[in-house]
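Heads up, the first sequence is in the numbering used here, so the first residue is 37 and it goes up one at a time.
Bear in mind the hints are in silico, worked out from the structure with no lab data behind them. Backbone N, C-alpha and C fix where the C-beta goes; we use that ideal spot for every residue, glycine too. It is possible that part of the hints are untrue.
With a cut-off of at most 25 Å between alpha-carbon atoms, the simulated PhoX-like pairs for lysine-lysine come out as follows [claimed, not checked]:
id : residue 1 : residue 2
1  : K283      : K48
2  : K106      : K156
3  : K156      : K201
4  : K135      : K201
5  : K276      : K235
6  : K106      : K158
7  : K250      : K277
8  : K277      : K59
9  : K121      : K135
10 : K48       : K96
11 : K201      : K250
12 : K121      : K106
13 : K113      : K135
14 : K106      : K135
15 : K250      : K235
16 : K106      : K276
Simulated restraints on C-beta separations [unchecked claim]:
id : residue 1 : residue 2 : range
17 : P117      : A214      : 18 to 24 Å
18 : V74       : D110      : 21 to 27 Å
19 : T97       : R232      : 32 to 38 Å
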Amino acid sequence: MRIASWNVNSIKAHLGAVTSWLKEREPDVVCLQELKCVDEAFPREEIESLGYNIAVHGQKTYNGVAILSKHPIDEAKPRLPGDDKDEHARYIEATISTKDGAVRVASIYLPNGNPVSTDKFKYKLAWMDRLAAHASELLTLEEPLVLAGDFNVIPTTADAEFPEKWTDDALAQPETRARFRALAALGFTDALRATRDGKGLYTFWDYQAGAFQKNNGIRIDHLLLSPQAADRLQSVGIDKKVRAAEKPSDHVPIYADFRFATR
DNA sequence: ATGGTCGGGGTCCGA
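Kindly produce the complete structure, drawing on both the sequences and the hints.
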């Protein structure tokens, strides 16, 4: 069972990159972020033709998340609980049925929060508090659960090639990092760090100033695993070469393989 | 070198 996450930075602009990658990597489940389209505009047929079921929570112009699955999708639920006035499409959760039991996945597009001096940063921190509250509820189910997405958090200085460039950024603030640690401390395993230490493991490179060519990258796309998912973890990969292609997203996919009967 | 690049939608905002 291969579960992946990718911030595609517009599903319409990068559909070719997405379908090529789906064919090559063959994930069972994919969490997508930054669709930048409404539900009706999601390129459903192109992705269904590759064998995927689809649950979308879209929005015009901004945000937008989806879950793709080769296995049946049950009870897809959009929206992160805790604020009925929050209109951003940043969260969708679903249960996936497999021959070896169910796995719950959430596709997460956590607010960027820049600039730090504005309400955008307050919104980010409040959103992280809501995520922790909801995740705490989900853990009581004692299911295999994967929180997958663009968390817009650089967890430590080891997660940036040039950490000093990010000291004033919302992605690296102490308040941001503390909330990410608190979320993990509820009982989640950071899948990538469970398998590899050290620097040089990045999922995002800015379009500006030749960031990719300089390897000025950061690790902000994460797979957080419940104990029941972590027990089944086999390996984790980052598809860095996707960033070197023509007209790429600024993020690359991250995926993890689990010991489920399906693979 | 105090900039730079994308995408969406509309002549700027968000990242």
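* Out of the numbered hints, which ones does the structure contradict? -> 2, 4, 6, 9 and 12
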